[in-house]
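So for the sequence shown, numbering that gives the first Met the number 0 puts the first residue at 0; every next one is plus one.
No lab work stands behind these hints, which were simulated from the structure alone. One thing to keep in mind: the hints can contain errors.
What the hints assert, rightly or not - DSS-like mimics (lysine-lysine), calculated; alpha carbons at most 25 Å apart, straight line:
1) Lys112 to Lys80
2) Lys215 to Lys188
3) Lys188 to Lys112
4) Lys171 to Lys229
Claimed, not checked - Pairwise CB distance ranges (calculated):
5) Asp245 to Pro190: 17 to 27 Å
6) Pro190 to Ser125: 27 to 37 Å
7) Ser243 to Glu187: 22 to 32 Å
Virtual Cβ for every residue (Gly too), placed ideally from N, Cα, C.
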Amino acid sequence: MYGFGADVLTRTVVDLAAWLLSHFQYRDDSASRLQLDFGRNEITFFDAGHFSYSGNGDAIPLYLHTSGNGIDVDATVDGIKGRFLVNSGNEIGTFLSSTFVTQNDLVKKLDAKYRGYNGRGFGGDSPPAWYVRLHSFHLGGLKIDGPVARLQPANDSFNDKLAANMGQDILKRFIVTVDCKHAAMYLEKTPLWNEPAVFNRTRMIVDYNHGSDEIKTVFPGSPAETAGLKQGDRILTIDGAKPSDDPNDPLFKQPVGTVLHLQVRRGNVSRTYDVTLRNIL
């Protein structure tokens, strides 16, 4: 598929996202000619002197940061153009910056109803964000229907010249080849490239720490609320298994109607809650 010499290194990484966050930065040298295959948890590095892309992916122009590391692309959400940071280590999901949200009145336009936990910073919990389903996301000639995104609150710390931080929820739909030297990114569709995004069907937001999931937000009218779960509860097991540290735990995205049996500690009391999954976003 690729026209390059023998200087190619492919490695399997148990947690590709964590490896990218701790080991890799995009820059204009030979280390920035690589391919990411999230489905296989593989990263392939290409030797600069032999690299020439000849695959069938859609070519997306890249904009390299002139100060520091990072790459951006132009994209369109619901007909509104912006420049997006490409963040292959962002497991949580794409978010739109507060400046972009405010300038385009997106809370109103997207009829945002659900606001909740938005991660932690050095000073504690970040201000809550709105969770919405976009109508469409255009990247080059590619159109993705119905992705989920967070709308950042005012005064977030993200670069106000950028519209968004594009994460794995978009990138994992493709085999991604990055060629910083020639300022191009190539996206090869996987079979699931335009599958509708599935949001947590318990409709609660959790944060994994100290071996359990702490419930940070329970949305009104959600299956979690119906089951009696509350903010501050700790999920000790899910169907008998310990929670994972995956912020998008697939157990919470099982088919509508699935019943999860959660062992939960509230204060000094532990009991089981049954949560029936359904769509709400």
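Against the structure, the hints come out as follows:
1. Lys112 to Lys80: Holds - the C-alpha atoms of Lys80 and Lys112 are around 23 Å apart, at most 25 Å.
2. Lys215 to Lys188: violated, 35 Å
3. Lys188 to Lys112: Distance ~32 Å between Lys188 and Lys112 Cα, so the pair is violated.
4. Lys171 to Lys229: violated, 32 Å
5. Asp245 to Pro190: 17 to 27 Å: holds, 21 Å
6. Pro190 to Ser125: 27 to 37 Å: The hinted range 27 to 37 Å holds for Pro190 and Ser125, with Cβ atoms some 35 Å apart.
7. Ser243 to Glu187: 22 to 32 Å: Hint holds: Cβ distance 28 Å, inside 22 to 32 Å.
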